[in-house]
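Asks: Here is how the chains run, residue by residue.
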Amino acid sequence: MEPLVSDVPSAPPAEAEGHPGPQPYANPYLAGIGLGLVLLAAFVLVGRGLGASGAFNSTVAWMSSKVAPDYARSNEFLASYLTGEDHPLKAWLVFEVLGVAAGALLSGLLAHRISVSVERGPRISVAGRLALAFLGGAMMAFGAAFARGCTSGQALTGGSLLNLGSWIFMLAVFAGAYAVAWVVRREWR
Amino acid sequence: MSAPFYKLGYFGDEVSLIIAFVLGVGFGFFLERAGFGSAKKLVAQFYLRDLAVFKVMFSAIVTAMLGVTYLAWIGYLDLSLVYLVPTFWTAQLVGGLILGAGFVIGGYCPGTSIASTATGRVDGLVYVAGFAVGTLGYALAWPLVEGLYTAGAIGPTTLPAALGVGRGLIVFGVVVIAVAGFAGATWIERAMAARDAAAAGRLAKGGS
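From first to last, the protein sequence lines stand for chains A and B.
Positions 15 to 203 (my numbering) are the ones given, in order, by the first sequence.
Positions 38 to 245 (my numbering) are the ones given, in order, by the second sequence.
It should be emphasised that the hints constitute simulated quantities derived from the structure, not laboratory data.
Be aware that one or more of the hints could be misleading.
What the hints assert, rightly or not - Have a look at the derived ranges for each label pair, beta carbon to beta carbon:
1. A/R87 to B/L200: 38 to 46 Å
2. A/A145 to B/A236: 25 to 33 Å
3. B/G157 to A/S139: 13 to 21 Å
4. A/G142 to B/G201: 46 to 54 Å
5. A/A193 to B/L181: 21 to 29 Å
To be verified - To list a few chain A residues with every Cβ distance to chain B over 10 Å, as calculated:
6. K80
7. P83
8. T97
9. R137
No residue lacks a Cβ here, since even glycine has one placed at the ideal position from N, Cα and C.
Assemble the whole structure, with the sequences as input and the hints as a guide.
Replies: In structure tokens, the structure reads:
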């Protein structure tokens, strides 16, 4: 009987025909212009920009409201993401972020860049890298909450609208990252 | 004024959610095209080895900025109807510093973590879990963080309004800074590549 999962990977047909490995990334300026046109379309069609952290906030607020409805309504931060509609799929950014996943998957498939792997430098263990990924994610949740947006909703969107707070935020992001880069160099290099 | 379409009532909430998904597909597609599903590619920005984050970000900002400015100037887009996140400068300064530090530690930002998870990166998925737990932590800590959250309140405002100069001048300035930044970024990438090659050469000679 054939095992369902084989230990010996069989070469996919694409590789056998001479398409080995992932394709190189796009020219950064072309990818940036593409992103900028999507952002412009959002301004024209909907009157708002793109985002990401807001979708996380909506989802967490919705889950909290299922587990502890009274607490979620009494917590000012969570309640602000529960404005009348208590399902995350009703939130605009949640739909947008589902699209982000689909679009990235599409691009990754086209360029043979899908791989189940852990991104890390040569001097850190998988467990160490995953712990820092979790920590960095948790820190950024606080940063994005204070800033009312992340690299998408503040830096990209607010940056192109010349929003004062977004430009302050953007400069602070680069300052914070460069300040800490040396400390965590063993994670990446 | 013909746009923004949604705010002018050309379509309703349900259509706007379909548009949200379609725009998201475009957003995710170009993020992955640029290589931003990879934490190593993203953080290389902060070790000055690959400044694609800056190049992509500022190409996007300049494109969208010129687009809205032109569409507003010809009277097609009513900029006053485009949502502007209110400025709380202290909260956004501190939030930006924390987010920047978290970026180089976690390897992603919220949007790129979605792109990385969708293309199979396990660290991207763990980052997403960390962000969700952090969001819950922020909500639980609300009484402690509320003061900073509302610090530096100015309200919705733009650079031209705050600095008291014309929008055109700021737009021009951003374009100049971006183009100079692109040239500078490429110069830095080349200089660092040369430095790394020289270091590798010394290692090969000295080692063995």
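Asks: Evaluate each hint against the coordinates.
Replies: Going through the hints against the structure:
no., hint, in the structure
1, A/R87 to B/L200: 38 to 46 Å, "holds, 41 Å"
2, A/A145 to B/A236: 25 to 33 Å, "holds, 29 Å"
3, B/G157 to A/S139: 13 to 21 Å, "holds, 20 Å"
4, A/G142 to B/G201: 46 to 54 Å, "holds, 50 Å"
5, A/A193 to B/L181: 21 to 29 Å, "holds, 24 Å"
6, K80, "holds, 13 Å"
7, P83, "holds, 14 Å"
8, T97, "holds, 13 Å"
9, R137, "holds, 13 Å"
The structure fails none of the hints (numbered hints given earlier).
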